[in-house]
Structures are given as C-alpha cells and as structure tokens.
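Each chain, letter by letter, is given below.
Protein chains: 2
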Amino acid sequence: MTTRHPRPIQNPQNWASAAMPPLQRFLSGCHADFWSDHDGAVANYIPELGKADPAHFGISLATLDGHVYEVGDSRVPFTIQSMSKPFVFALALDILGSDAVERVIGVEPSGDPFNSIRLNADNHPFNAMVNAGAITCSGLLRQARQADAFDTIRDALGRFAGRKLDVDDAVFASESTTGDRNRAIAYLLRTSDVIKDSVDDVLAVYFRQCAVLITARDCAIMAATLANRGVNPVTGEQVVTPYAVSRTLSVMTSSGMYDFAGEWIYRVGIPAKSGVGGGILASLPARLGLGSYSPRLDGHGNSVRGIKVCEALSAHYGLHMLNRSDDARTTIIADYDIGANPSRRSRRAQERDILAAYPDAVRVLELVGTLSLSNVDYVSRQLAASARPQFVIFDLHRVTAMTQAGLRLLAELFHELADFHVTVVLSGIRRTSPEWQEITARTGDIRNVRDFYLLDTAIEWAEDQIVYRYGGAIDFLETTELAEQPLLAGISEEERHELAALAIIRHYQQSDRILSSGEPAHSLFFLRSGVVHVTLPDGIRLATLTAGQCFGEMALLDPVRSADVTADFSATAFEITLSDFERFRARHPKAGERVMRNLAQLLAERLTIANARLNLLAAD
Amino acid sequence: MTTRHPRPIQNPQNWASAAMPPLQRFLSGCHADFWSDHDGAVANYIPELGKADPAHFGISLATLDGHVYEVGDSRVPFTIQSMSKPFVFALALDILGSDAVERVIGVEPSGDPFNSIRLNADNHPFNAMVNAGAITCSGLLRQARQADAFDTIRDALGRFAGRKLDVDDAVFASESTTGDRNRAIAYLLRTSDVIKDSVDDVLAVYFRQCAVLITARDCAIMAATLANRGVNPVTGEQVVTPYAVSRTLSVMTSSGMYDFAGEWIYRVGIPAKSGVGGGILASLPARLGLGSYSPRLDGHGNSVRGIKVCEALSAHYGLHMLNRSDDARTTIIADYDIGANPSRRSRRAQERDILAAYPDAVRVLELVGTLSLSNVDYVSRQLAASARPQFVIFDLHRVTAMTQAGLRLLAELFHELADFHVTVVLSGIRRTSPEWQEITARTGDIRNVRDFYLLDTAIEWAEDQIVYRYGGAIDFLETTELAEQPLLAGISEEERHELAALAIIRHYQQSDRILSSGEPAHSLFFLRSGVVHVTLPDGIRLATLTAGQCFGEMALLDPVRSADVTADFSATAFEITLSDFERFRARHPKAGERVMRNLAQLLAERLTIANARLNLLAAD
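Sequence lines, in order, name chains A and B.
The end of the first sequence is residue 620 by this note's numbering, with every number in the run present.
The end of the second sequence is residue 620 by this note's numbering, with every number in the run present.
This is chain A alone, in the form it adopts within the complex:
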C-alpha cells in the first residue's frame, strides 16, 4: 500500500505561468467579483477589532492531497475568535474523552444567537458552538491541564494549521477588559457547576484562545484537516481522531451557523464556522477546506464576502455534503485466477500439469483507491458469488486509504474465509504501514493470513502450495542437462554434444548478480540447477526461472543486456559464449534456424501472457 506522488514539475514556465487550474481561476473570479462589495461593518464590540482594515480580502482553498490555492490577502493575520470553537471542542473530546465532554455540553441547536446566555433544561450549554459551550470546553481543559491549558490549545491549533501560531496581545487585553457578557455566561456556568475553576482563570484561557492569529491560508488548511478525518493534508500529521472530527462536524452542521443553521445546511450544505475577526472556514468532508478573511460583518456577525465565497463555491460546482456519489465497482481493477493469469515463474511439466488441473484454486483480486464499507462489501459479494478458491490474494498496492468501516468489514471477510479454510494472502502492503497494524490488530487470531510485498511472489507462493498439496515436489537441487532446454528443442543429439563441449559450468551463491542491464551481451546461459530471477532496472520482476530454463538468450538479438539476473538460491548454469555459438550456427545452419524458431516461440508465449494481463487491466 503506497501513496502516489504527483508527477514532478518538468517545465513550469512553459505552461503553468500562462494557464491555471480552473479552481484557481474560479477563486480569482470570486475575489474580483466580491471585492467591490462594501456591505457590512468591521466588528467594534471589542475596541481593538475595530482597527482591522475593511478592504482586506483573502481567499484560500486547501485540497486533501495537500495543494493550497490562495488569492488576495491570504497571508494577512487576524484573530481566530469563534472559529477556535470547533477545534477546541475536537481537542477536548480527544484529551478528556467523549463521555466527560458530552456529559456537560449538549448537541442540540439552541436557535439563539452566538452570545445567548440561555442554558438547556439540564442547565448545560446547548452545544459547543455557542459561547457558553465554548467557555465550558476551555473550562474543562483548564481543569485538566491547569496553567498549561492555553499552551495545549495553541499547540493544537498550530498543528491544525501546520505552523506555530502567535497571539494578538492587544486584542486579548481588549477582550479581557470589555468581555462582560462572556463573564456573565461564565458565572452562570459556574453557578450551574459546569465550570469548576475560577471564572477569571477560565476566561483567561478562552479570551487568549480567541486572540490566536491566523491567516486565510491557515484557515483553509485547518478546515481541510477536518475534511480529511483529522489528518493535516499538508503536514500529514493526525491532529485529532476521526471520532472527534465527525462529531465536531456534526455540531458545526446542526449549530455552526447559530440561528440560521438549518438554512445554511439546506442552501450551502458545507459545515462552516465564522469569527467576528472576519474569518470564515468551511469544511467539505473528503473534498476540501476553504478559508476566507474579510472583516466587514453582517448582522449575524458573519463576514459578508466570506459568506458569498462559500455560497458561490457551493452553487457553482453543485457542492453539497449530501450530494454525493461513489461506485463500489471500480474497487476491483483486476479479478482473475491462476488459470487465466499465472505467475511469471517458468514451471516444469509436472508442476504445470498440477496447476492446470486446479485453475481456480488461487483467486487474485487487485484493489484500487479507498477501501470503504461499500467497496469491501462489493468485494465480499464478488468472492461469494463464485466457486470457493483455496487461496485468495488481495493486492493492495494501489489502495490509498482504508476507512474504519472498510477495515472492519475486511477483517470480517478474512474471518469468514478462514472459517472455510481459505488462505488469505496480502500483497502490496508493508508490515511497517499503519494499515498493516490495523489489519493485524483485527485479525491477529487468524493464523493463515500471509503477506508478500510483491504480487508475483504472492502468486508464486500460492501456486507452490497447490503443487505441494496435490503431490508435486519442487526440487531446487535437481540438476538438468542441456537436453531439457526448450531453447535447444529439436536439434540432434550430436549437435547438442558439440554445444555441451563448448559450455563452461558456472557456480553462483544466493544473491549473486549474474547479469546486469547495460552490459555488453557476450554469452547465453542455460540454468542447470537452482533458481534465478530476472528484473528490469526499475525493479519490476519479469520472471523467476528454475533448472532447465535459459537466460541471457536475448543476446541472440541484442548486443546489450536489458535486464538483471540474480541468483535466488545457490545455482549452477552452462555458459556458452556468443562467438562459440555463432561458429556452431555457421556449421549447423538448420540447428541455428531451429534455435531462432524456439526463441521466437518463447517470446510469443511471453507476449501472450503480457497481452492477457493487459486485457485484464483494461477490462471494460
């Protein structure tokens, strides 16, 4: 299992400087269109906020593969204010445990403005998005972390943004001096026993948290981290758990836009949060994070231009979190058995016969993309719909993510297969990967899950098991003579003796490099005992060869080696130099023709296999 890397930038000045990705063009268009909107006013209930430049306007959009689009004043700092609420709520869920948090903070919308002092029937805050709930979150963290509470919060906000964040001390001081309504809320919470520490200590954390400085770019990355199940798409860090993220987005959905939450979700359909500093963030799960900064606010306290950017993004592209589609059937990119597509190991007659008798004993499913519940369910039904194999190989090298649901269902599928004595083999996943840890944590009790990083090795191994199971033996010590070489089939015994006299027997140790690509090709090799493998310079394994097969035979056509050959175990080979062979061909033109015909035959067989595999991958 690997992550694909973007193609490197080859010639940026040629194309990138002139054309731009359409999303960049769209955001630039929004910036130009809404620039002239001068509605609304800069917040002044905290005197220091009133000093913001009303002309500032920055937009940023972060994608989940870590690209960040930016337009205008996207690097101008402003205070986070209420946009801190979802992140601190998520942090509290992770640090304190969901029970401790959910016991004192509700999850129903209040229908009131953000600064409502009303509590619910239990004398608890309605939810974590109104001030009462946010002050409670800060209070819970103050209680747990004492004097370190604010640093804990600032560090976490910094991990959401992917950089260290500063505090605007002037705004903090201004807010502390003038925040009487929040002081009233805090005293009410303390009288209801929701806050245990002193009101001053709790509000010191809350006011400082609201004065953390971010930019529209930070805002986009923070929103994208929520959209990406808690993983910052730029730094790759898992900042909070998927549980905390989904619950935070739930509360943003039902209560993030206060008294017009229902309409926001109906019309725009992207969980969002605004702050009186002029920021607004929107987080579309599995898609993107949007950040905007423009300090002129409407009557609800939301940035006028920021709201317009969110609306335009949703309307223009028809983005809405409930307008989703997916197709589980694209999960399987190839589905075959060893009858249709055997390993690249050249096998001898007895092995070939056994494998031919059990063409569907080994089933291979090559999977691609995200393994979600739908995708794994589809895979499980495809397996259940056909004859039961003895081995199922799941190739995961194109799998880029697994959801919790997908992982759980996959583990259940492995248990189901184990119950029916089907061996599960995984390829394309490294034991050091977190996904491997997750799989084994759920399937540790199954003894017959095997793994091989290379798919071809996995197929070879499973084929070997079938050979053993049905009475075959694979004897790597056996020695063969030139008479068994397919490349020399059809030449006379005398001619073969003449060739044998020209051959030198070579001995190799395990891992010896026998041939290297790029070297001049001076000789042909006939494997006498042991096993070697042939790989391309980029590491792709072309074939595994056992005694009785030739290698380096392309020297007959090409003066330079095009592949590496390495001994898998100790091995011996007959080497015949090309010049000796040329002289032999000159003396025996019919034998020469026969060898060339045999070579063409071998190549035609390899081409047939390669085309079969291409057709599998191009399946319509």
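One should not assume that every hint holds.
What the hints assert, rightly or not - Output of the computed footprint for chain B on chain A, the stretches with three or more beta carbons under 8 Å from beta carbons of chain B:
{"hint": "1", "segment": "274-288"}
{"hint": "2", "segment": "591-600"}
Said to hold, decoys possible - The calculated label-pair distances, taken between Cβ atoms and stated as ranges, are:
{"hint": "3", "chain 1": "B", "residue 1": "A387", "chain 2": "A", "residue 2": "R431", "range": "35 to 43 Å"}
{"hint": "4", "chain 1": "A", "residue 1": "Q510", "chain 2": "B", "residue 2": "T479", "range": "57 to 65 Å"}
{"hint": "5", "chain 1": "B", "residue 1": "G97", "chain 2": "A", "residue 2": "S28", "range": "30 to 38 Å"}
{"hint": "6", "chain 1": "B", "residue 1": "G29", "chain 2": "A", "residue 2": "R75", "range": "50 to 58 Å"}
{"hint": "7", "chain 1": "B", "residue 1": "G29", "chain 2": "A", "residue 2": "L213", "range": "47 to 55 Å"}
By construction, these hints were calculated from the structure, which means they are not laboratory data.
These numbers come from a predicted model, not from an experiment.
Note that the Cβ used here is the ideal one computed from N, Cα and C, for glycine as well.
Fit chain B to the given chain A structure using the hints.
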C-alpha cells in the same frame, strides 16, 4: 464510459450457500440480537394500526450497486406513514420547482414533536418533516395536479421502491375518521393561506399517502435511491433530481428525527426517518439505504428495534456521514506521453522520426472511478505542472460516474486548454451516453474537442496530426515491395526474387475480413499497400499495420490463427503459402534462420511495448 458488470455467479452451491458476505452476517446478527427486545408498544392512536403483529421484525439493506440484503420479515407489508414525507417533499421540489416549495415551507428545525401545531414566525410550517410541512406538500401537489395528485404521489413512491405500491384502505379509512389533530393543523394552514384547496381534499391525499403499503425491502431501496443521488440502484431509474435529493437529506438531517435531531446526527450520523407504522429508513449518501420494520414504538414514536439497528450499523462500522475519506490521486491510473507509450500502429521511418522529435506532444491521462471536484482538480493540476502538450487525451472508459461539480470543473479545464490551443481528445465514452450530453452541453462552444471510442485509435489520430503538423505525410496508396519488409531483412537479393516469384498479390476492400482466429494458418502475408488492423477475438485491437509490414507471420510458429485481420481501407498484400516458404527455407537454411531471427526481433519489440504498458498500469 461504461458500467462494470458483476462477475456472473459460477457455482453458487459451492460457496455462497455455506459462507456469506460479512454484511449479511452482521444484519443476521442484529436480527438475532434485537429479536428478544420487547420494549415499546404498537401505535394505537389510529385503531387500525393497533392490529399489527408486534413480533414482526424485518431488516433490509440496499447497496448502491443494486444488491439487496434481507433478514427476517423483510417482505411483510406495513403502512409508510411519516416515511412518505421526505419522498413527497423531493417530488414537490421537482414538480413545483424549489421556489414554490421553499416559499411556504421552512427549513429550520422546530424542536417540537412531529405532530406539533406550532408554525414559524411567518406562519409557515417549520420544515417538511413535521406534519404541518408534510400536509403543506400534499396541499401544493393537490393544487397543481387536482384529482391526480394522489396517483402522482403513489407512482413516485413506487419508482423509489422499484415496484407498484398498494394502499391499505382500512388504515386510510381509520386515519380519515380519527385524524382530528391533523385536521386542526390543516385548518390552521388554510387560515394562514398556506393551503388553498379544501381541507378535506388535501387530507384525503395526505391520509392516503400515509397508508401506502411498503416492506422493509422497499424501504431499503427507497433509502438507497436517496443515497444514490436520486437514481434507484436496482432499476437504474433517475426518480428525482440530485438537487431535490440533497435538499431532502438536508431537512432529514436537521429535522428528520424531530426533537432529537441534533443528538441523532451527532451520535448516529445517518439521515433517517421513521413512521408510526413501525418502519424506519436511513440513507447514508454514496453508501447504502437501510430499511427496518418492527411495529413496537418508543415514546418518540420510533420503532425500538429499528433505532437499535441504525445505531448498531453506525457504531459497528464507524459509519457517520461526516466521517469520510477519499483520495483524489487514485483518479489517474496511467499518465504518459506518446514518447513513453506510442499507439499500436506500426509506423515507417519518416513518421517514426517525426514522432521521436516530439515525444511529449501528446499526453494521455487514463482516469478511473468517479470524477468529482477533487479528482478533476487534481487532474488539472497534474496537467498544469508539466510542459504543455499539443493534444491531451482523456480516457474515460474506466470512469463510472461524474458528479455535477466534477463535470463543471472538467468543462472549465477543457476551456482553459482550448484557450491555449491544446486539443482535447476523449476516448472511452459513447456519444449516446448521458455523460457525453452533459459534457457537450457545457463545452459546445469549444471547436477542438474530439472523441474516439477506442483509446488506441485516439492516440493514433493524435500521432497522425503531429506527423502532418511537422511535414510528414501518411500515404495509404503508396505501394511497397518485399525488399522493405523487416521480416525479410538481411536475406540476399536473389533469395528475395525467389520469394517474390512464389507470392500472389491479393486485393481487399475496406472492411474485408482477411484472416479469422481459429482458422488453420496456411500462409504468410506482406502488406503491399493500404492499412489493416489486427484484433483479438474479444475485440481488443492489437495493432494497426501499413504498407511494408507483415501479418499472419505467426503461422511460422503456430498452425492456427490467433487473431483477426481486417482491411481498414482498400489494401493489397503479397501472400506466400507456408508450404512454398518451407521449401524455400529448406533450400536456403541461412535465409530461413535470418527470417526466424527477424521474427524473434519483432516479437521482442512487441514484448517490450507490452511490458512498458504493464509497468505504467502497475505504477507504484
């Protein structure tokens, strides 16, 4: 662009009857676990509902590829009741237009129980999920369709379920007789001018709509239709628009579970709706639809066991609509230019030289899965990051869906490319497909979007354009001699004359089948003029050949033809029978050896191309 079909069931009794997909096992486990729960009571506010069998318990789950899981009493009919509300709301949005509906029905949660008589500040219903809103929907449809209103609703519900639905006349009569609270609500709506028709006419529609009979299986398919952007996954019919679906799911999210909507979405995270008939449906976008039937209700009027099934499904698999992941980078399954991976057309020296000078003039992006905003954005950035090509081929044959956002961004990308004189070529999409209509509707003003169904044909066409553009000519009428045949390279002039005397010149018309796979192979062909193509029996195109190339040459190795050869234009070829050729080889063993060597060389080149392509598709 095509839809993949599931692998056919080969041997069901072997495996399917014993093992089961894990999701089936999970649902069976739920059924067994919750069976023993006898909490709650059958609804009795309508006398006829009280007759339901409290023991009944059925569960069904429909996936978006159209598979339906069922457990227990999943085919027992019951009345739909309030579960009709979301479907009739979606229908009203589509039939009457969103403006007409949204003008009189709000979208904010009321915080009240379902049968609340309270209206909002505008004297309108709070939303379409409370009775007042649902009666208003029925009223709007009554006003528009008069006496046909109910049939319109019943037909639509049937299309959601994928079958014709009946009405329980006894329940309807019972509800009509006893529905005084709904009568009160309807009169209040009429006095507020929200309902125009007579209360009796409107309630006749509403009560009948509530008495429509469905099963848990229907319920699952109806929910899956909402999860699938309005397309019934079993019948394939687009029942309502994606707009209506996303807005209906929005209202289900904010208000579907009445006064505990916030907690439901926080804890379970799947838009749901229940009915007092004992049904409950849950719709997880892009994943699944769940239906349950068990008539014992809790104090909120929700099926006790149904709620437990929803909770178990969400908790067990960590399913939550806001707990999503995706990876845009899996969209591109192969990305190459003609330098790395040319078409299968064998070209002559002048054409080869021109193409070799412009290896990155044609860029090919093979895409897979759903084209969403994220995916197309990623593609656009990959294009912008490299040197600008002259042609970009987008192969869509593995694309299974396009979201509205993806389509729009794709159209914008095509416009961006057109502005820079880059020609867009589409392959793998048929002009008869709805996606083609959508693309051309958005890009009709771009003159240089071309399409070819076969990717290889698209690459060939783009290569031809490069050849023309840089002074080359492709002369299909030109006649070549045997001397130009690579298969005969290196034999003497005398030998060639001898061969020429054995050859018969054959003439073919466009579309003539020259060779057919499975036939005995009696002769070799050397194309003298024109163009032919070689295809496998399953339609995969292996090569396009022009004058100067051979075909049927595998007769030298294999007594049976393995591919079809068809004339693309009128063509002529030299045919030499295998028996004549064998006699020639017997007389000239060195020439025979040389031909075999040439054949091995041709096969080695084809193998190199096939392996390069395999490596592209296996890209790590």
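Requested in this report: Compare the structure with the hints numbered earlier in the document and write down the numbers of the violated ones, lowest to highest.
Outcome: none
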